[in-house]
Structures are given as C-alpha cells and as structure tokens.
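Student: Chain by chain, the residues run as shown.
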Amino acid sequence: MLMYVVRRLLQAIPVFLGTTFLIYFMVFSMPGDPVLALFGDKTPNPAVLEALRQQYHLDEPFFMQYLHYLQNLFTGNLGETFSGQQVTDVLARAFPVTLKLVLMAVIIEFLLATVIGLISGLRKGGIIDNTNLVVALVLSSVPPFVALFLAQYFIGIKLGWAPVTVGANTTWSAMFLPALVIALTIYVTGMRLMRGSVIEAQSADYVRTALAKGLTRRRIIPVHVARNSLIPVITNTAASFGALIAGTTVTEGIFNIPGVGKVLFDAIIKGETATVVSIVTILTILYIIVNILVDLLYAVLDPRIRYV
Amino acid sequence: MSDRTIEHYVAPIDENSAVEVDKVKLSERRSNLWLDAWRDLRRRPLFYIALAMVLVVTAAAFFPEWFTSVDPRATDLANSNGPAEPGHPLGFTFQGADIYARIIYGASTSLAVGVLTMLITGVIGIPMGALAGFYGGWVDSFLSRIGDIFFSIPYFLAAVVVMSVMPSKNVLTISFAIGGFAWASLARILRAEILQVKNLEYVMASEAVGRSKFGTLVRHVLPNSLTPVIVYLTIALGAAITAEATLSFLGVGLNNVISWGNDIADAQSSIRVAPGSLFWPSLALTLTVLAFIVLGELLRDALDPKARARR
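Those sequence lines, one after another, are chains A and B. Here this note's numbering runs 115 ahead of the position in the first sequence, where the first position is 1. Here this note's numbering runs 9 ahead of the position in the second sequence, where the first position is 1.
Treat the hints loosely; a few may be bogus.
Computed cross-link-like contacts, DSSO-like style, restricted to lysine-lysine with a CA-CA straight-line distance of at most 30 Å [as the list claims (entries may be wrong)]:
hint	chain 1	residue 1	chain 2	residue 2
1	B	Lys-207	B	Lys-222
2	A	Lys-328	A	Lys-239
3	A	Lys-385	B	Lys-178
4	A	Lys-157	B	Lys-178
Hint data in this document are derived by calculation from the structure and do not stem from the laboratory.
Work the whole structure out from these sequences, hints included.
Tutor: Right under this line is the structure:
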C-alpha cells in the first residue's frame, strides 16, 4: 500500500507542473501588452513602463516568468483583486461556504444513487427500473444552470418553499435547495454504477452460495449484494466531490452563495482576468489533490487495485 | 495377397435435406455491426423522437426562414416582456424582440459550436488515444502524460480561462476553448479500447501477412475500436452545446451572436416578472441536448452486441 501511495504521489508531480504551465502559457500567449493596458488611452513614460516590467518580471524570458509564478503559488501569493483584497484572503473566507454546499450536495447524491440504484437493480426491467432510467436520462441532459433557474423560479418564487437567494445567510437549510438541484443533475452516474453492480452481484457466486446455505433475502440484499456494490459508487461520489468544488461557479452565482464559485463568478463577470486565473489554478490544484485521494480510497476499499 | 474384393455398403444419399440447407443463402441476410445496430435502432420509438428533434434543430440552423418570418433582431420597447399574441407565439423579451424568432435563429449557434467542438475533440483525441494504445512503450507514456495534464484541468474552468483572455470571441474560439480540453477523456476511452483490440487474432494475422504496423492500425484496429468513440462524440456534442450556453451565460461566451445562452443570461434579471423569456430558450436548449444524449445512449446500446443480448 505504501508503495502505491508513493507511486501515485510521484505521478502527480509532472501533472501539477504541466497543468500550472498550461494555464500560465494560455494566459501568457495571448496578444496584447499587459503593462500598456494598465494605462488605458494614456501614453506612459518609458521609464515607468520599464520599472513596471521589471517589477512583474515581464522583461525576463518566458520560462523564468513561469518560475516566478510557481514561486508565488508556493508562497501563497496570488495577487490582489481589483478592489485591493488579497486573493488568498478572499478565498479563505469563501472556502468554508463552498465546502458546506458541496458536502451537502454529495451526501444527497450518494443517498439518491445508492437507494435508487439498488431498487432499480433488484427489479431490473420492471416499471420502476424503466421509469427511473428515463427520468435519469432527462435529468442528466438538463443543463445545470437551467435546472437551477427552474428550481429558483418554481420552488423559490412560486411556491416560496425555499429562499430565492442565499446571500449572507449560509445555513444548511438555506442552501438545501441548490444542493438538492446539484445532486439531481449528477446522481445519474452513481445510480447507474450502483444498478450495474447490483445486477452483476445478484448472479455472483457468493450470492448463490448465500442463497444455497439458506440465508434470507432480507440478509443477502443488504450484506452481500448492496455492500459489495458500494465500492464504485463511493469512489464516484468522492470524485464528484472534487469536480463540484471546482464547478460551483454557476450554482453560487445564480443562488448568490458567497463561496469560491461566487468569487470566480464575480471575477468573470467583471473581467478580472488575473483573479480568474489565480482562482482557476487553485481549484485545479484542489481537483488534482482530491483525485489522488479518490485513487487512494479506491485502493483501500478494493485490494485488487493496489497490485495492478 | 488376396484379390478378394470387399463389397462396401454405401448408404443412399438423401439429397433433399441438403437442398433445404442450400436454400438459405448466406449472402441474403448480411450482417455486420452497423446493420445489426440499425435493426435494433429501427425498433425503438425513442430513436425516432430524438432523430426528429435533431433534424428540426438542423433545419432551423440552416433555414431559419422556414420557421419564422420575424426578424429576431427587431426590437420594439413597446412590447417589452409582452405576452404572446398572433404571429408571436411565445411573447417578447425584455428588449421587445420576438422570443420564438430568437430561439429559431439561436439554433445555428448551438449546432455550430456543438459540431465544431466534436470535430476538434475527435481530431485531437483519436490520434492521441490510438497511437498511445497501439504503440505502447514510451509513445504511450509520453502521450498519456500529456493527456493526464489536460484531463486534470476541469474543462469548463479551462474554457473560462481561455475565453477570458481571448481577444475575439466567436464560434471557432469557443469551440477550441471547449474541445481543446475535452479531448483528453476521449483519448483515454479509445486507448483502453485499443488495448483490448490490438491483441486479437485478426490483428496478428494482418501483421503476419506483411501489412505495416501503421497500416494495421488504420485498416483493422481503429475501425474496430471506434464504437465507444462515436458514442462519446455524440454525447459530447450535447455537452458542448451546454458548455457554450453556460459560458455565454457567464458573459465569456459569444458576442453579438444570437445564442440561447446569451438570451437566458439576459432574461435572468427579469425572472420574477417575465419567466417566459427565460423558460423558452431553456426548453429549446434542454430538448436539443437531450436529443443528442438520447441518440448517444441508444447508439451505445445498439452497437454493443453483448448489451443487446442481455436486454
């Protein structure tokens, strides 16, 4: 196991360098002079231009600039937003909110995936199963922002069952509706995994053995069928945790939830490219870390993975 | 040695049964993967519904004048957020433009981004996955690590960065922003498929009769590994349409183009007073995406003989 952990961590190093390089390169290679752009229509003094270029290391070769960028990344210096706040401070304040939202969404997703997947798998080909598959297909095609608007309009505005926007009041109950909508748009993958493995498990040797030795269905289904089918669902849920942390932009923008996604949303809307890039870099790094943890979790749960 | 001859008994041959066998002409019921898939699809009503939806969207994209004679850019503030009236079945937007006409004219944007993104994803993803899977060794290590890097950046975030810094925002740039990162998943899927196919007997046979390695890849391995690629690309087309609408919704999408995402973003502020201008483009978007995803799912079932047998 230790060898597996070490190998997986070593593999992450080139990916980390590659992703940061790629993001940096995309921004760097765009046309236009960022220093000149600072002055708008005015013609600045060449000496001032030179000083600014030196300050931001723009006079050095591309690769050196990338190293400076990495250095800043490691020392937690992500620059400032247009309103003069440190990006790291803003993120530190917003992160707990996003974590809360994503945690709630992931728990709902897991429950939906396992329960519906189990029922559907046990009654394969029945009415419940077929209805469920059609509903899943529709739900997985609704663009998330459309689903969020529909929920906001019908449940928030028309029925008044939930707050229309969250704002500063980031309680669990206030964020339940957006969390539920996120869960509904992503539970489908987990549900299919669960359904597939339940169907497979029912004809597995160990289930036949359990039946043959006289165990009741009541014992076989939770202990032998469901538990062995959970592994792919658990890892899928963990993976969606990473994807959600990186992807709450639209949700938090629409429901006005003051999390990381909202910070990114505002920065995009206001055109603060530097802030957008900093946040995307941080989110990508988080995404990579969560994915490593998911792989390790998989190896813990399923011993076969470790020895491949 | 004796010259005795042994009489052999030869049973009379019943020619009739052989005639019966011969009557079945193998050439008549031709069967291959695609023919079987077509036979399967033909029997599924959902296939026709999805296909009809795709055809309608395509027709609206190429010939919007078939569907409406109203100018989608014509605005009359007197009609702002106005209700439906004869000639304007879905009412008006905040700016007083006809919602129905804007939906019809927005189809070409969605379809163009979807198809272009699919092409870009395929053009990058297929060679990357095929070469990595077929050649293995250092080629595989090198290409797969590049793929890992692109795979590790959530492609929506990458598209946001690209579109934020892109000086010109048009159909081509947005397709590159999405497809330029989405190909990594396709390459992984194709690589896994090729790893299975390349050890089959017919591949060995092709090499044994002297076909070059690259020739074998192009002539035998690739065509037999394309099924998951086609399924993925069909679903990716739908996903790209969603991504375009989401980027436009965030304001880093297309400028000066009629697009469902732009219209939804514009309607956001008047959700309380005029939900229609938000609802109708959302419905058009959802149905289009649904049609492509359903097509992809049906193809997946139809092209997988094992899944067909299980059903």
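Student: Each hint needs a verdict: does it hold in this structure or not?
Tutor: Verification of the supplied hints:
1. Lys-207(B) / Lys-222(B): holds, 11 Å
2. Lys-328(A) / Lys-239(A): holds, 25 Å
3. Lys-385(A) / Lys-178(B): holds, 16 Å
4. Lys-157(A) / Lys-178(B): At roughly 26 Å apart (the allowed maximum being 30 Å), Lys-178(B) and Lys-157(A) satisfy the hint.
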